[in-house]
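K.L.:
Sequence order for the protein chains is W and B. Counting from 3, one number per residue, gives the positions in the first sequence under my numbering. Counting from 33, one number per residue, gives the positions in the second sequence under my numbering.
If you are wondering where the hints come from, they were derived from the structure by calculation, not from laboratory data. Among the clues, some could well be false.
Stated by the list, open to error - One side only, chain B facing chain W, incomplete, derived with CB under 8 Å: (1) L37; (2) E48; (3) L49; (4) S63; (5) A71; (6) D106.
Note that beta-carbon positions come from the ideal geometry of N, C-alpha and C, so glycine has one too.
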Amino acid sequence: MAGAAVLGRLTWRAGTVASVRDETATARTIALKIPSWPGHRSGQHVDVRLTAADGYSAQRSYSIASAWAGDQVELTVQRLPDGEVSPYLAQVLAAGDPLELRGPIGGWFVWEPAPAPVLLVAGGSGLVPLMAMIRTRAAAGAQAPFRLVYSVRGPGDALYAEELAERQRRGDGLHVAYVYTRTTPAGWPVPPGRIGAGVLTAPGWTPERRPAVFVCGPTGFVEAAADLLVSGGHDPRAIKTERFGPSGGQS
Amino acid sequence: MSTHLDGNVLGGELGELFTADVTAATGQCASCGAVSAIAQTLVYTHAPGLVARCPSCTGVMLRLVRGPGRAWLDLRGITCLQLTPPGQP
């Protein structure tokens with residue numbers, strides 16, 4: 003449990019925004035300072051609650067993007083045009099503002115540093131909890147081979163692109179493959195399209211190697227990717243999925 | 033377009049009620065007998081509460097409704113839950 007065992011029930015906590023930074027034109031990372039944060043495991047999320055002056059409140063789930071480091075927790079929020087919560091978080095919230103949240107949440111969609119290879123499959127902002135796994139791997143000095151398959155609309159929508167490129171350049175066992183669904187970078191070898199079976203396998207990354215698999219993204223993406231993985235020979239029991247959508251997840 | 037999420041989204045509400053993480057627990061569907069992690073159930077949030085359905089047969093396994101100062105939890109769709117007590121690895 004990496005010292006992050008949560009023995010009590012979850013309660014709402016007050017955090018304070020330490021800083022914000024834009025990741026793309028529509029996504030922002032919010033760094034929060036949360037007093038007596040008990041620590042978290044990579045893949046976990048928090049629930050954020052906004053309450054209006056008249057008492058109306060709305061809550062949404064957001065994955066934690068950062069590895070556990072003291073009382074600082076980073077969330078990356080994708081702004082949805084019709085969202086009730088995300089536009090406030092991604093556009094209005096500023097350093098010094100308070101934010102009410104509950105967490106860390108979830109003990110199933112989590113990765114603990116271990117030697118076994120890990121295949122990560124992300125659709126859009128589904129990368130966020132998987133990025134926490136990549137960062138936790140680095141922070142722990144873990145040697146587990148990691149392969150990330152990241153599906154995004156276009157190059158401008160890719161989260162953490164520079165950090166991923168830098169981590170890949172270090173050559174310590176992280177490999178990243180992009181799938182572009184709407185627009186590709188200039189000279190990209192294949193036209194834009196949905197994720198297919200081809201990109202989910204690579205030299206050394208066959209189902210026989212029995213990687214732990216984590217898939218996160220919108221519901222349709224997760225189910226398509228999980229079907230491809232299972233029909234490609236991956237053990238369904240080795241595949242962990244997390245779906246989000248505009249209804250009650252990240253919006 | 034699919035309208036469901038999955039059982040990971042139940043973690044916050046259930047975590048206010050129980051010290052064990054129910055989303056990591058496995059439950060046996062009372063309709064079809066399939067055993068799955070609660071995190072893998074299909075969860076519908078467009079309702080007065082949260083409805084979790086079996087990923088194998090879509091039978092209702094769990095319903096959770098919150099009201100001011102109380103919660104209603106219907107587990108008749110689960111014959112047995114296997115939980116890891118908090119603090120255990």
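K.L.:
Which numbered conditions among the earlier hints are violated in the structure presented, ordered from lowest to highest?
P.N.:
Hint check: 4 and 6 fail, others pass.
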